[in-house]
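Enquirer: For reference, the chains in residue letters:
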Amino acid sequence: MAISGSNGMSATKTNDTSLTVKNLGKTYVTNGESHEIFGGIDLTVAPNEIVSIVGPSGVGKTTLLRCLAGLLEPTVGEVWIGDRRLTEPVPEMGVVFQDYSRSLLPWMRSRENVAFPLESKGIGRAERNRMAEESMAAVGLDGAGHKYPWQMSGGMQQRVAIARALAYQSDVLLMDEPFASVDAQTRFDLEDLVLDLRKRLGVSIVLVTHDIDEAVYLADRVVVLSGKPAGVVDLVEVNLGKDRDQLSTKAIPEFAEARTRVLRQIRREA
Amino acid sequence: MIAVKYGWRFLEQLWLPVLLIALWWFGSAASTNPFIPPLSEMVDAFFIELESGRLASNAFASLRNIFVGLFVGVFLGIAIGTIVGLSRAARSVLNPYLQFARSIPQVAIIPIIIGAFGITAIPKIWAIAFACIWPVLLNTVDGIRAIDPGVRDMVKSYRISTPRALFKVMIPAALPQIMAGTRISLSVAVVVMVVSEIYGSTEGLGYFINYTKGLFQMENTWMATLVVGLIGYLLSVIFLIVEKYALRWYHESAK
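The listed protein sequences correspond, in order, to chains A and B. In terms of our numbering, the first sequence opens at residue 1 and continues consecutively. In terms of our numbering, the second sequence opens at residue 1 and continues consecutively.
Chain A with its partners taken away, still in its complex shape:
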């Protein structure tokens, strides 16, 4: 999965990694009482696909994403990345966490933050820096590598976190409410960045959000999670293509239909 091209990270990454979830369930036992968070979840994320997982707050979206990332062991079921069963975090997946202010290390410059995971991959310093600069350019942060995270706005910090996942050269990006704590305009910009990265770099993205507009706008398919324990109550196909626009796409009837369908499912089950 070489990234090449003259103007930074352009197009030619071949991603044939699919993410498969089979009958996944998570149950916590506290004080002898067991609480099933979610169960019976089946899902496949094809290469280059964007799937958003939407559901009401507290439904277990983050728990599900942590299981997909290999950070949390599911109680039942399996997660497969390509042809390997997931038992721990793998290099094929990069995670963008909700709270960028905690996942970025404030004692490192943004370039060092982006390059840091590459050290443990055994990549040399010069190559690390080149990859970091390239990823920073891909998210529109050229020349900001010397800044510390706390010298940047929230939107810029989340771009750094996305650049870190890109530099890690993962095929699948897992994003947990990535834009929940930035202002509306920045949010639109970052959403468009996500669409752009999918198109240019060929990555697949699993995005957890509670924002229905965002879920529909970004995704090829929306997984609606609801109930207690949570399960997949609907799987909405969004056939709006890969080129989308904040103004015109959201005005298309198909967008409104998908949005209404998702909202109705959440309302009914919640």
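I should point out that these hints are in silico values taken from the structure, not numbers from a laboratory. Predicted, not measured: the structure shown is a model, and the values here were computed from it. Every residue, glycine too, gets a C-beta built ideally from N, C-alpha and C. A few of these clues could be false.
Said to hold, decoys possible - To spell it out: a stretch of chain B is covered by chain A in this simulated footprint if at least three of its residues, at any positions, have a beta carbon under 8 Å from a beta carbon of chain A; those stretches are:
1) 28-41
2) 208-218
Stated by the list, open to error - Facing chain B, from chain A, some residues (calculated, C-beta under 10 Å):
3) R66
4) A69
5) P89
6) Q98
7) R102
8) S103
9) P106
10) M108
11) F116
12) G145
13) Y148
14) Q151
15) A165
16) Y168
Put chain B on the given structure of chain A with help from the hints.
Expert: The following block gives chain B in isolation, referenced to the frame of chain A:
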């Protein structure tokens, strides 16, 4: 304008010490109490001992013990504190001993260490190191344990190798608490230095204080005591400057 502003601020801070020293100077000038010599005699003693070289050689011995002892203590404190902070098992086994060891007044152990190992510099350095371990160790444990779960998730999901996670994530993240502990250890080191030299020594400022007292040279005893105070003060000022620089990210990101 700025120069004027800082000039004023400097004057604002200066008048009180100048006044106090002047009061002391003139108030003690006619003193005949041998235990409270005039300040002028202490100043004279300072320059005499400075010229004789005795002050410098004793101060050097004391500073050497402080620095080596502090370094060893801080190093061990961070190392043990990190292990205890990361391992729940290590915590549950070691915690009672740690709480007991830190409850012993640090100077109480000096007679045992010097009695067992003699009056050379090495046992004193160990006494200082032993006293300096605890504030750093306990603060390191707190610092490591307070690391946000989000940071640990990042380390895990990006498969950061253990040494890198330790030295580039965990210890830097705990550095604000480690620094706070080290600051306490620094003042503890000065106390243990003085007491260990008074207890049994052939060099150092504590030795000089005790020795001149024995000779009834109270102006020298006072002078050396003031020098110890000054050294303690200067060390803490230097430490604050180092801390401000090393923790710039911490102070800036908290704004």
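Enquirer: All hints, please: hold or fail.
Expert: We went through each hint and held it up to the structure:
Coverage of the region 28-41 of chain B by chain A is violated in this model, with 0 residues showing a Cβ closer than 8 Å to a Cβ of that chain against a need of three. Counting residues of the region 208-218 of chain B whose beta carbon lies closer than 8 Å to any beta carbon of chain A gives 0, which falls short of the minimum of three for the stated coverage. Interface restraint check for R66(A): the shortest CB-CB distance to chain B comes to about 8 Å, inside 10 Å, so the restraint holds. Proximity of A69(A) to chain B holds as hinted, the smallest CB-CB distance being about 5 Å (cut-off 10 Å).
Because the smallest distance between the Cβ of P89(A) and any Cβ of chain B comes to about 5 Å, under 10 Å, the interface hint for this residue holds. Of the supplied interface hints, the one on Q98(A) holds, with its beta-carbon coming within about 8 Å of a beta-carbon of chain B, less than 10 Å. The beta carbon of R102(A) comes within 4 Å of a beta carbon in chain B, closer than 10 Å, and the hint placing it at the interface holds. With a cut of 10 Å, the hint placing S103(A) at the interface with chain B holds, because the nearest CB-to-CB distance is about 5 Å.
Among the interface hints, the one on P106(A) holds; its C-beta lies about 4 Å from the nearest C-beta in chain B, closer than the 10 Å criterion. Interface restraint check for M108(A): the shortest CB-CB distance to chain B comes to about 8 Å, inside 10 Å, so the restraint holds. At its closest, the beta carbon of F116(A) sits 7 Å from a beta carbon of chain B; the interface hint therefore holds under the 10 Å criterion. The interface hint given for G145(A) is broken, as the beta carbon of that residue sits about 16 Å from the closest beta carbon of chain B, more than 10 Å.
The beta carbon of Y148(A) is positioned within 10 Å of a beta carbon in chain B (closest approach about 6 Å), and the interface hint is therefore held. Annotation: Q151(A) was flagged as interfacial toward chain B, and the flag holds, the nearest CB pair being 8 Å apart, inside 10 Å. With a cut of 10 Å, the hint placing A165(A) at the interface with chain B holds, because the nearest CB-to-CB distance is about 9 Å. Checking Y168(A) against chain B: minimum C-beta separation of about 6 Å stays under 10 Å; hint holds.
Going down the numbered hints, you'll see the structure goes against 1, 2, 12, while the others check out.
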